[in-house]
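Guided by the hints, dock chains P, C and X onto chain G, whose structure is given.
There are 4 protein chains.
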Amino acid sequence: MYSPQFKNMRIAYGFDEVALVPGEVTVNPEQADISFKIDSLTFDLPILAAAMDAVVDVPFAVRYGKLGGLAVLNLEGVQARYDNPEEMLVALSRAKDPEITSLLQKIYSKPIDPRLIGERIKAIKDTGARCAVSVTPANAKNFAPLAAEAGCDIFLVQSTVTTARHVSKSYRGLVFSELCQSVSIPVVVGNCVSYGAALEIMRNGVAAILVGVGPGAACTTREVLGVGVPQVTATMDCAAAREAFLKESGRYVSIITDGGIRNSGDMCKALASGADAVMLGSIFAQSEGAPGRGYNWGMATPHAALPRGTRIRVGTRGTLQQLLFGPSSVTDGSQNLVGALRTCMGVCGVVTIGDMHKVEMVIAPSIKTEGKLFQMAQQRG
Amino acid sequence: MYSPQFKNMRIAYGFDEVALVPGEVTVNPEQADISFKIDSLTFDLPILAAAMDAVVDVPFAVRYGKLGGLAVLNLEGVQARYDNPEEMLVALSRAKDPEITSLLQKIYSKPIDPRLIGERIKAIKDTGARCAVSVTPANAKNFAPLAAEAGCDIFLVQSTVTTARHVSKSYRGLVFSELCQSVSIPVVVGNCVSYGAALEIMRNGVAAILVGVGPGAACTTREVLGVGVPQVTATMDCAAAREAFLKESGRYVSIITDGGIRNSGDMCKALASGADAVMLGSIFAQSEGAPGRGYNWGMATPHAALPRGTRIRVGTRGTLQQLLFGPSSVTDGSQNLVGALRTCMGVCGVVTIGDMHKVEMVIAPSIKTEGKLFQMAQQRG
Amino acid sequence: MYSPQFKNMRIAYGFDEVALVPGEVTVNPEQADISFKIDSLTFDLPILAAAMDAVVDVPFAVRYGKLGGLAVLNLEGVQARYDNPEEMLVALSRAKDPEITSLLQKIYSKPIDPRLIGERIKAIKDTGARCAVSVTPANAKNFAPLAAEAGCDIFLVQSTVTTARHVSKSYRGLVFSELCQSVSIPVVVGNCVSYGAALEIMRNGVAAILVGVGPGAACTTREVLGVGVPQVTATMDCAAAREAFLKESGRYVSIITDGGIRNSGDMCKALASGADAVMLGSIFAQSEGAPGRGYNWGMATPHAALPRGTRIRVGTRGTLQQLLFGPSSVTDGSQNLVGALRTCMGVCGVVTIGDMHKVEMVIAPSIKTEGKLFQMAQQRG
Amino acid sequence: MYSPQFKNMRIAYGFDEVALVPGEVTVNPEQADISFKIDSLTFDLPILAAAMDAVVDVPFAVRYGKLGGLAVLNLEGVQARYDNPEEMLVALSRAKDPEITSLLQKIYSKPIDPRLIGERIKAIKDTGARCAVSVTPANAKNFAPLAAEAGCDIFLVQSTVTTARHVSKSYRGLVFSELCQSVSIPVVVGNCVSYGAALEIMRNGVAAILVGVGPGAACTTREVLGVGVPQVTATMDCAAAREAFLKESGRYVSIITDGGIRNSGDMCKALASGADAVMLGSIFAQSEGAPGRGYNWGMATPHAALPRGTRIRVGTRGTLQQLLFGPSSVTDGSQNLVGALRTCMGVCGVVTIGDMHKVEMVIAPSIKTEGKLFQMAQQRG
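As given, the protein sequences belong to chains G, P, C and X, one line each in that order. Using numbering that gives the first Met the number 0, read the first sequence as starting at 0 and increasing by one per residue. Using numbering that gives the first Met the number 0, read the second sequence as starting at 0 and increasing by one per residue. Using numbering that gives the first Met the number 0, read the third sequence as starting at 0 and increasing by one per residue. Using numbering that gives the first Met the number 0, read the fourth sequence as starting at 0 and increasing by one per residue.
Okay, chain G solo, but in the shape it has when bound (with noise of 0.2 Å):
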């Protein structure tokens, strides 16, 4: 006797799971456009710096702001917590291991300071860069204001999962469409990974979201939670979302793949999966000069690969520059992401992000796989 369908499941893909299909015309890559956009805001490169204080502190979001790209700095770390956060983040990097869960949880302990709100983020501005600052929920209403006040430009709401609609009893949650109207500059929302949940965020006015829960080998949001979405289809139901709001509203919401992305391959995986841009982590605090001083580390939940009290080390591979243009002198797609997104636009034959998300992607499952126990065993035999 079969049994009736207790619940339908689609298939989800992540990044290892499919592969671009290059084009029947090829393109000079040089010819690509690669910009984005957020609202009326262009950037020339369609990849964000991740909202951790390993990744980005105000040196580290000026370099890049003149590089052409958008770094996030996080409102809820060392740098709105110390006068002095570079003190903190040496700390960071030199603790031994056994003393850090300790160190986190003191280091970020300290109170934010609603001064050094204003103060960081002028001094991003000052050198005429752009700026994006983060939040979780619990303080976007609070600190928008002093934001926006400050010039910052884009302003972030991130926690693991946002909706639009949080039912509490205790306290009245945030109203995005509230938010996105009392403050002058775009809202970003994140994270979110459905259809739905997508497009009642944008129904609210929102500039961007941020599309990722659970998507990484390393994040453990699947494992504690059993919850997660392979962010190939997270990202191509979010993408269907924007369309259909474009269709209904005559706006267009941009979207960003966050989590997940390990080299310039996946980046443009994403891309071709509907997204406009991609916010990176782990990436940029291996570049020279990142304020994580070759560790990265989880501060709060947004960042669930990384719970409070983890640090790993990243090592250092490269400068900024290299990382984003090369040269390379690896070929694991983790240096010149910008020569590599290049590349394919070409060998796809796309000039603009927007084309990418026409290119044709096959299920390609793992090929990689055993390629790899062969190397595992060869280097161990």
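Hints may contain errors.
Copies of the same chain look alike in the list, so a pair counts if it works inside one copy or between any two.
[As the list claims (entries may be wrong)] Within a straight-line C-alpha distance of at most 30 Å, the following computed DSSO-like cross-link-like pairs (lysine-lysine) qualify:
hint: 1; residue 1: K95; residue 2: K105
hint: 2; residue 1: K168; residue 2: K140
hint: 3; residue 1: K36; residue 2: K6
hint: 4; residue 1: K168; residue 2: K36
hint: 5; residue 1: K168; residue 2: K357
hint: 6; residue 1: K168; residue 2: K65
hint: 7; residue 1: K65; residue 2: K36
Honestly, the hints are just simulated from the structure, not real lab data.
What follows is chains P, C and X alone, placed relative to chain G:
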């Protein structure tokens, strides 16, 4: 020449192959109602402690009952064979590996003493805690009245595979409808995995069924017998039987997923697959004060993962309190099970376990496999 | 522009990818009738011992026959080349690794002595045991009369891939219909894997067919030739041919799954896939007193898993009695094959091998892969 | 709320995921006709040697030509840059690992000497062997007349991804129809992987196309660009284009699968996927007397598996004769390629490569993965 189809095969899914999709609404985790019912008895926690000697003894059952859970005492283990079971448990935890097989065989060959059945049950009930006990079908008819008389709240009948109809020329099998009518307390029966078998058992008047045959990685049922259904599909099919039986009878029979759950994420997936509760063994054996003292072992066929004669070291990872409610110092889903469940319900936007049954699940295969290969390569490189 | 489909491909399944579903009825394992028939000959056990020198010699055939099974003697191995084959078997088990290839080549280059064919068969028959022998197609016509005359019960013709029609300009291939008519004893032919090939061989009058081309992990047929069909699908397709042939002719031709079976679980799956029996090699080579003395080796092309020149250490794991009937001290399905089969039939609720063909199977991929990765990581961590 | 589908994705298959099904007829392997044609030129072997400096030099091309194959000389390697290329090849094989990148960069920065193009081609042609040469699109127009004049038989134009239309504002791309009309010898173009791209290239008058973008486990195209189609699907799609083009034009354009082939089994699968021939690199680099002297290295982008600057040790495994015709002392499909192909055609019951295109293939995923895990565990256990 293509072959006509000899046999139709459905795809069955396990915990590793699915993931939950966050909802369009989020809910304050504190509002989640995670209680669960067997018949008219309500429990604060939807987690049963498995009927294994290394998991449940009288003190554990009392402690766990006070925390809101239900522990199941095995009436065919040391508790009902020895006046002083403690002595045996200590011996088992101290035995050296080469001695363990013969020691287990010796310890479990002592006959069950019916007098001890009542004694153990009363010891639990005297503290005010609820009491559940488990036997194999062969002993059900004899022990059920003793248990009920001693004040037992719930009576479990468990074997590797249990059906409502057992065919034998040499003996008359257990008739569940007779058992359910003859004892005054709810009867829970397992294990089963299919719609048809579950439905038929329900029609015999049981209060709940246990789901799981050969589910886990460590379980040898699949290697030895070729038999086994991955738990997501098994739970879904039995939940479909529950819905069908509810429609035909108006009675709600709870579904308890038993086996293969390694972390809080798996537990959340089981509930989203249609389970009303889960039953855990090894995770509880790892709690401080568990009778196994850092070990777990197989007592008999009902626990196919641990055939009689095998003992595995599971270690001690924290207090029962920590295991259930945190705080968690690790991020692998082995601690703070209740906190994880509440957070999962929050991000999925549901308030009751019943709502959990409607949460969207996707098939998200194997993304961790490659991640693990990477980790292994790095740890060893 | 999407491609028109160049070729249609079905999915084929192997043992690792499927699992049996317990039935709605359970049956006392003692009631299972596991006998199997080739033509009018009935055997107590549905397990053949493979025609390999390391598996079957005269004493093994006699011992296995007494336990109810059928052992197949290879007429192209040492048994029919040497008056004293024992001497060669001892030499092969004592040779050092660097010597083994040349020793194998030397030993198997001695011509077959037709006189010994009769001698070996008589030695088996004189004990009252049934006798089966195997040859390659090239020797079938010459050796079949000798074997039949000596009292042989069953005559096998085996090569890597056998079809009813062999095209050659330089020689006239074996015509199975002529062979079957010319010899008075049942002819069993293999190996084949597809519906069409199996059906055509059946129409030539054979009594049973052997199923399996390139099935096992160790088998190099797939790496060398690209050829191979996983055994679950291969068995199902040949079983479909059996059903079709039964309908068209009224004759039942037994299906014997040969190759790729590593444990009792695989054996149960083969039977549930439609096989009437299985043929095992390495598992028998591991029994005490097996002629291989803890080794197994390839003699010629029919045993593609072990190309001539390769010898592998399989070890000795227990008596033939233990292997078949237990008791089993291990839980990996390598012992107590018959007990496992009976238990499997019990939980699946079936009484005959024919009923096994109707047991539900699910596609349950890869749950063990991750489990194994874990185990490996832990053992090495 | 389910998402509307953003993008449709087909499943693409690689060699590891398919297997050939034996036929209903078997054929004497000696009767197999394995010849293959490019335009009006017939070759005894359907195997090209890849245009890599470590694989093909003049002596190799001559030796391989005499055995019936076609070797392709790279006109952008050392052969057309140095009067005495031997010296450079020796230097590259003797360099220590830390020196190799700069040595490669230095060696390949010397300008190509057009005079040497004619010299090398004549050196091959003077022996009576056929000669094929390869260039990148940028050099095609200039070098084609030189090659044709020197007596070259076949002219290859290769880059990672080649299409019939290349869009650039800064230069006029290569127009294949012009190239094909202007040179008197057959033009072969690659690499491509899709139906549309292949069809369009065919319409430009080419004689054959090379199939493969990012196919192999070692190939970094997929990690760096996210681009790549597994070879079975890529070959099938291009073969579908060949059939469509044959119907529309009456001309047969050969399909050559290039890349990702690790053993004779993969080669057989490529032919069964619709290829008329295959192109091999590393396997030939392992033959005695190969110019790489036990190494292989990347010269430029056309060989994405080996980016410029990387050299890998491939070892020397036997003579070219052994590699092609055996005898094989190993069973991993790395030797006796022709014998394996003939045997494959025999068991599949086909006589020509064209018949191979009709052989049934099944999707037979990953059975070897677990086998390999076992092996690894055992080797290390």
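Status of each hint after checking the structure:
Proximity of K95 to K105 under the C-alpha cut-off of 30 Å is restricted to the intra-copy arrangement: shortest distance 15 Å within a copy versus 44 Å between copies. With identical chains, the CA atoms of K168 and K140 are at most 30 Å apart within one copy only, with a shortest distance of 19 Å there and 49 Å across copies. Within a single copy, K36 and K6 get their C-alpha atoms only as close as 39 Å, which misses the 30 Å cut-off; across copies the closest is 22 Å, which meets it. Taking the shortest Cα distances, K168 and K36 sit within 30 Å of each other only across copies (25 Å), while inside one copy they are farther apart (38 Å).
In this homomeric assembly, K168 and K357 come within 30 Å of each other (Cα to Cα) only across copies, at 22 Å, whereas the closest approach inside a single copy is 44 Å. Taking CA atoms no more than 30 Å apart as the test, K168 paired with K65 passes between copies only; the shortest distance there is 27 Å, against 46 Å inside one copy. In this assembly of identical chains, the alpha carbons of K65 and K36 lie at most 30 Å apart only when taken from the same copy (17 Å versus 57 Å across copies).
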